[in-house]
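A.B. asks: Just so you know, the sequences run in chain order A and B. Once you know that position 30 of the first sequence is 29 in numbering that gives the first Met the number 0, the rest is easy, because the numbers rise by one and skip nothing. Once you know that position 37 of the second sequence is 36 in numbering that gives the first Met the number 0, the rest is easy, because the numbers rise by one and skip nothing.
Simulated from the structure, these hints should not be mistaken for lab results. By construction, the Cβ of each residue, glycine as well, lies at the ideal position given by its N, Cα and C atoms. Incorrect hints may have been included.
Partial pick of chain A residues on the chain B-facing surface, computed with a CB cut under 7 Å [said to hold, decoys possible]:
1. Gln290
2. Asp294
3. Ala385
4. Phe389
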Amino acid sequence: MNEFVETLLDLPWQTETEPNHTYDVVIIGGGGHGLATAYYLATRHGITNVCVLDASYIGSGNSGRNTTIIRSNYGIPEAIAFYQESLSMYEGLESETGCWVMHNTKGQLWMAHSTGTARTEQTRVLMNNACGAPSDYVSPAEIRKIVPQIDLTGGGRYPVQGASYLHGGATARHDRVVWAYAQGALRAGVHIFQNTAVNGLVKDGGRVTGVTTSKGSISAGVVLSAVGGHVSTVSKWADVRLPIRTHTLQAFVTNAYAHEFAPIVSSNDLVFYVSQTARGQMLLGAEYDRQASYDRGTSFAYLQSVSAKAVALFPFMAKLRILRSWAGICDISTDFSPIMGYTNTPGFLLSTGWGTWGFKAIPAAGSQLAKLIADDATPDLIKPFALSRFEREMAMADPSSAGTK
Amino acid sequence: MLWVTCPNCGSRPFEEFRYGSIFPVTPDDITDDDQRNVDYAWMQDNIEGPVLERWFHESGCRRWFTAKRDTRNDAWLDV
Ligand SMILES: Cc1cc2nc3c(=O)[nH]c(=O)nc-3n(C[C@H](O)[C@H](O)[C@H](O)COP(=O)(O)OP(=O)(O)OC[C@H]3O[C@@H](n4cnc5c(N)ncnc54)[C@H](O)[C@@H]3O)c2cc1C
Ligand SMILES: [Zn+2]
Numbered sequence: 000m001n002e003f004v005e006t007l008l009d010l011p012w013q014t015e016t017e018p019n020h021t022y023d024v025v026i027i028g029g030g031g032h033g034l035a036t037a038y039y040l041a042t043r044h045g046i047t048n049v050c051v052l053d054a055s056y057i058g059s060g061n062s063g064r065n066t067t068i069i070r071s072n073y074g075i076p077e078a079i080a081f082y083q084e085s086l087s088m089y090e091g092l093e094s095e096t097g098c099w100v101m102h103n104t105k106g107q108l109w110m111a112h113s114t115g116t117a118r119t120e121q122t123r124v125l126m127n128n129a130c131g132a133p134s135d136y137v138s139p140a141e142i143r144k145i146v147p148q149i150d151l152t153g154g155g156r157y158p159v160q161g162a163s164y165l166h167g168g169a170t171a172r173h174d175r176v177v178w179a180y181a182q183g184a185l186r187a188g189v190h191i192f193q194n195t196a197v198n199g200l201v202k203d204g205g206r207v208t209g210v211t212t213s214k215g216s217i218s219a220g221v222v223l224s225a226v227g228g229h230v231s232t233v234s235k236w237a238d239v240r241l242p243i244r245t246h247t248l249q250a251f252v253t254n255a256y257a258h259e260f261a262p263i264v265s266s267n268d269l270v271f272y273v274s275q276t277a278r279g280q281m282l283l284g285a286e287y288d289r290q291a292s293y294d295r296g297t298s299f300a301y302l303q304s305v306s307a308k309a310v311a312l313f314p315f316m317a318k319l320r321i322l323r324s325w326a327g328i329c330d331i332s333t334d335f336s337p338i339m340g341y342t343n344t345p346g347f348l349l350s351t352g353w354g355t356w357g358f359k360a361i362p363a364a365g366s367q368l369a370k371l372i373a374d375d376a377t378p379d380l381i382k383p384f385a386l387s388r389f390e391r392e393m394a395m396a397d398p399s400s401a402g403t404k
Numbered sequence: 000m001l002w003v004t005c006p007n008c009g010s011r012p013f014e015e016f017r018y019g020s021i022f023p024v025t026p027d028d029i030t031d032d033d034q035r036n037v038d039y040a041w042m043q044d045n046i047e048g049p050v051l052e053r054w055f056h057e058s059g060c061r062r063w064f065t066a067k068r069d070t071r072n073d074a075w076l077d078v
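Build out the structure end to end from the sequences listed, making use of the hints.
C.D. replies: Below, the structure written as structure tokens:
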């Protein structure tokens, strides 16, 4: 454990050191999704007898290791509506929680380097505007105004044809988002226990009635799994079979670039994306590793291939140095859309299928799942994302919107 | 996992290989035909442990082979 982690260990506002024997809601996983659900249960629905358990420290999963991009330009109307709700909630998150999460609306460019992709991006703009996510299709000249650093010839190899431009595209500091929700939840009376791994579920008949942990067993009215890449392991305990494969996604940052790099830039043809952090570093990501894996290892080959793509579009990056790289293990659904809500096993709920795209969804998913638990009915916004969609032949296939395939 | 053993070429750098697929397994206790189709089309074992997969030695002998890999640590195991 490093010094940074040590500074995180104590959670303020909580006096209990051991979990109670029973809670209304037990949430497995203290990432953004688990904590946001707890926060909204307590603050919007008065359900405070809630416990969040994390095997490690909160935010130790993907919520604390992503590239922090918040956007809503997906390829299915239901998904655009859902992500746009989340994007809007992020805009109000600082005033709601009183925590500075370094939210910054920057706009996102999604570049096309071929006529086929240009058409895809034009279609995306039409669909986004129709579904409430304001966007424009921009020409190469307009792109240069937004991001003067660009080489519009793409290194002579990937000429920029145009881009879709999502005005509301934003970033926020990922660990601050986790802590904003944790703090708000704790203040409202939720219990959070770190270093408390759940190692099984308690069942009564077919129903899940609690969890077993490294600190003993806890009964629960309902159990929500929000464990990121480990979801298949937890779901197996509940006899729920999932359309999920866990893949490693890598990312890295360079040393600081002195000038402003204003927008978030993604390229569908090249498959990579880049933005600038508040410290000036360039933050890059690309496709997830092809083979399924629970290993958070990074590779030199990845740094090489992503750097080559980045330099083709942004020659200034050739002078930067790579400071750090890291990886997270992502719960990628086979239709590339999230899975939220009840399963066929009573008492057991899921928040999964967040893959390489779930940071942006934390506020909306947390608030909708809290509403679902409180009202015992699925809100309209997330109805299309139920696990049952697969057996109903209503999969929400949206692979081209992930930006990481 | 920097080195992979190809049955034809021996130990070669990972970048020479392309991942093919895992062996999909629909559990026997799913008996309904429609359910089996749904499972085959979408569901995944997603095992945290050793898995059997097909890999392609793309920048080498260009042959497919079966490999065993531990998804917890990406260790390559004997098939
Ligand atoms: C490199 C990278 C870049 C990304 N970039 C973006 C991006 O730009 N935009 C975007 O929207 N999304 C992005 N994502 C995806 C996003 O980070 C995730 O979808 C999101 O953070 C998932 O949140 P979560 O709360 O579901 O899971 P996590 O944050 O992974 O939290 C799960 C928690 O569960 C705990 N846990 C696991 N098993 C157990 C157990 N048995 N008992 C108790 N606790 C357990 C873990 O310790 C962990 O803290 C990226 C992901 C990665 C890896
Ligand atoms: Zn070979």
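A.B. asks: Hey, does the alanine 385 of chain A contact hint survive, CB to chain B under 7 Å?
C.D. replies: 14 Å, violated
A.B. asks: Any CB of chain B closer than 7 Å to the CB of glutamine 290 of chain A?
C.D. replies: 4 Å, holds
A.B. asks: Quick check on phenylalanine 389 of chain A please, does its C-beta sit within 7 Å of some C-beta on chain B?
C.D. replies: Since the shortest Cβ distance to chain B is 5 Å, the answer is holds.
A.B. asks: When the nearest CB of chain B is found for aspartate 294 of chain A, is that gap smaller than 7 Å?
C.D. replies: Because about 5 Å separates aspartate 294 of chain A from the closest Cβ in chain B, which is inside the 7 Å limit, the hint holds.
Hint compliance for this structure: hint 3 is the single one not met.
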